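Asks: Single-letter residue listing:
Protein chains: 2
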Amino acid sequence: MQQAIAILDSGVGGLTVVKEVMRQLPQEKIIYFGDTARAPYGPRAPHEVVQYTHQIVDYLLQFQPKMVVIACNTATAVALDEIRARLSIPVVGVIHPGARAAIKTTRNGVIGVIGTEGTIKSNAYEYALRQISPYVRVVSEPCPKLASLVESGQFYTEHTRSVVEQSLQRLKSEPMDCLILGCTHYPFLSDAISDVMGPDVTLISSADETAREISTILYHKGMLATSNSIPIHQFLCSGDPVLFKQIAQSWLNEQIRVSPVVWQVPHII
Amino acid sequence: MQQAIAILDSGVGGLTVVKEVMRQLPQEKIIYFGDTARAPYGPRAPHEVVQYTHQIVDYLLQFQPKMVVIACNTATAVALDEIRARLSIPVVGVIHPGARAAIKTTRNGVIGVIGTEGTIKSNAYEYALRQISPYVRVVSEPCPKLASLVESGQFYTEHTRSVVEQSLQRLKSEPMDCLILGCTHYPFLSDAISDVMGPDVTLISSADETAREISTILYHKGMLATSNSIPIHQFLCSGDPVLFKQIAQSWLNEQIRVSPVVWQVPHII
Numbered sequence: 165m166q167q168a169i170a171i172l173d174s175g176v177g178g179l180t181v182v183k184e185v186m187r188q189l190p191q192e193k194i195i196y197f198g199d200t201a202r203a204p205y206g207p208r209a210p211h212e213v214v215q216y217t218h219q220i221v222d223y224l225l226q227f228q229p230k231m232v233v234i235a236c237n238t239a240t241a242v243a244l245d246e247i248r249a250r251l252s253i254p255v256v257g258v259i260h261p262g263a264r265a266a267i268k269t270t271r272n273g274v275i276g277v278i279g280t281e282g283t284i285k286s287n288a289y290e291y292a293l294r295q296i297s298p299y300v301r302v303v304s305e306p307c308p309k310l311a312s313l314v315e316s317g318q319f320y321t322e323h324t325r326s327v328v329e330q331s332l333q334r335l336k337s338e339p340m341d342c343l344i345l346g347c348t349h350y351p352f353l354s355d356a357i358s359d360v361m362g363p364d365v366t367l368i369s370s371a372d373e374t375a376r377e378i379s380t381i382l383y384h385k386g387m388l389a390t391s392n393s394i395p396i397h398q399f400l401c402s403g404d405p406v407l408f409k410q411i412a413q414s415w416l417n418e419q420i421r422v423s424p425v426v427w428q429v430p431h432i433i
Numbered sequence: 165m166q167q168a169i170a171i172l173d174s175g176v177g178g179l180t181v182v183k184e185v186m187r188q189l190p191q192e193k194i195i196y197f198g199d200t201a202r203a204p205y206g207p208r209a210p211h212e213v214v215q216y217t218h219q220i221v222d223y224l225l226q227f228q229p230k231m232v233v234i235a236c237n238t239a240t241a242v243a244l245d246e247i248r249a250r251l252s253i254p255v256v257g258v259i260h261p262g263a264r265a266a267i268k269t270t271r272n273g274v275i276g277v278i279g280t281e282g283t284i285k286s287n288a289y290e291y292a293l294r295q296i297s298p299y300v301r302v303v304s305e306p307c308p309k310l311a312s313l314v315e316s317g318q319f320y321t322e323h324t325r326s327v328v329e330q331s332l333q334r335l336k337s338e339p340m341d342c343l344i345l346g347c348t349h350y351p352f353l354s355d356a357i358s359d360v361m362g363p364d365v366t367l368i369s370s371a372d373e374t375a376r377e378i379s380t381i382l383y384h385k386g387m388l389a390t391s392n393s394i395p396i397h398q399f400l401c402s403g404d405p406v407l408f409k410q411i412a413q414s415w416l417n418e419q420i421r422v423s424p425v426v427w428q429v430p431h432i433i
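Chains as they are written, first to last, in the working numbering: chain A, 165 to 433; chain B, 165 to 433.
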């Protein structure tokens, strides 16, 4: 099936999902939307995030995608069920894939989760983990400062390192053996996070795991791309396309074209 | 949904899937069928394996499972599509989950596969891998002696170690960075296989990965078990129940009850 996979995020975080889809499913065409004008979603009220997510999905539907991926944990936490109920194509979020990978990985049953304030407040990971296995212990920590660091392109600075260290301080004393990066922005910072948490804590990237589940679902629905030609992806963003392009090209290690989208009419549900 | 997951294999190999389902989905009830009277399937003609698989599936359908898992690579390679087309419940095989995990894991694009003669001859892994990503190189090797070692309960003997070493000799010179254990019996021998292949080769257990995909599919279909009570699993085998029970209890680290099943009427499709 040659239609694109639509992937959306509050900003550049969903590019971590894009990179893994490009690697794990090199025949699939991607259309990406980064709502950079309104990022980050983490501190926003749930009803606002729900409204924005509907608006982006509506926008993306004009491209007739075969699947929609909500590559933002905050939006997945509050809007996944509604979007899934509304569309007839498969809708994939980023929370359950990370939860499942953590349950596969943990040996001692203690799982850490970091995410935006919105994601952690929603208890979405705890709910997803306990829905699958009531025997795990979940230790969560909001890290409100991390997504903005990524949106501004600061991955490897001294300042970043020190913010990461502060953000994880409480978690370090917990006996977890894996930590879910419960925000698609965090794989940009995985070197720093890994340094702080040490070698005994396996990092679970919800991005990597989501790419894998996209592959599983497309296969089980008979919807994998069958062409051997190299797909040309499309990137859209609502904010500054120059900064977006710079971050995206450096992360994807590839030249891309970015089209700006301007929100003109307020979206009413 | 409180119905059981039906898991079938030529013998005890599928217990590697059972163990992971018990760990990753502790609320799910399992009904397992090991066709130990006719194991191994590896050297059998494809039409015979197809016939046996239909027969076991028919037998298991009386328990009204919510999903069927063909936890045998040889049977998946030749019978998955037919069984899937015939049933209205989800049918999961063990080849695609391993293939997807290998694509996620490999960094150099060279993937090794070991399996029975039947699995390797069918090229099912090569097909599954290339269907997802045409850019990987696949190096396959049939290991006809390994499944029988497991069926006879020889996991850690000197003889086992030497058979494993001989079986993998050709593969060792290939530059792969991951090796798919393309037979559900092989995780029983993973210590020996890992010793021979060395620390730079990641072993991919199709069993672990299948459990994860079972979780994905049940979730996406809204079919996860919702009860918090501990499920009582059922184990059936067509051969010697004493040897089966001994191997199963040692592998699962749990007391189980085994019911023998005697094939009486030849099965006609």
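Read the hints as simulated data drawn from the structure, not as lab findings. Just to be clear, a hint being listed does not mean it is correct.
Identical copies go unnamed one by one, so any copy, or any two together, can satisfy a pair.
Claimed, not checked - In the BS3-like style, the derived pairs of lysine-lysine whose C-alpha atoms are separated by at most 27 Å in a straight line are:
hint	residue 1	residue 2
1	K409	K193
2	K230	K385
3	K385	K336
4	K193	K336
5	K268	K385
6	K193	K309
Everything numeric in this text was worked out from a predicted model, so none of it was measured.
Asks: Pop the pair K193 and K336 into one bin, within, between, both or neither, using alpha-carbon distances up to 27 Å.
Replies: neither (40 Å within a copy, 36 Å between copies)
Asks: At most 27 Å between C-alpha atoms: does K230 with K385 qualify within a copy, between copies, both, or neither?
Replies: both (11 Å within a copy, 18 Å between copies)
Asks: I want to check one pair: K193 and K309. Are their C-alpha atoms no more than 27 Å apart within a copy, between two copies, both, or neither?
Replies: For K193 and K309, neither the intra-copy (32 Å) nor the inter-copy (43 Å) Cα distance is at most 27 Å.
Asks: As a check of your reading, is K268 near K385 (CA-CA no more than 27 Å) within one copy, between copies, both or neither?
Replies: both (24 Å within a copy, 20 Å between copies)
Asks: One pair to classify: K409 and K193, alpha carbons no more than 27 Å apart. Within, between, both, or neither?
Replies: within (18 Å within a copy, 49 Å between copies)
Asks: If the cut is 27 Å between Cα atoms, do K385 and K336 qualify within a copy, between copies, both or neither?
Replies: neither (41 Å within a copy, 37 Å between copies)
Hints 3, 4, 6, counting from the list given before, are not met by this structure.
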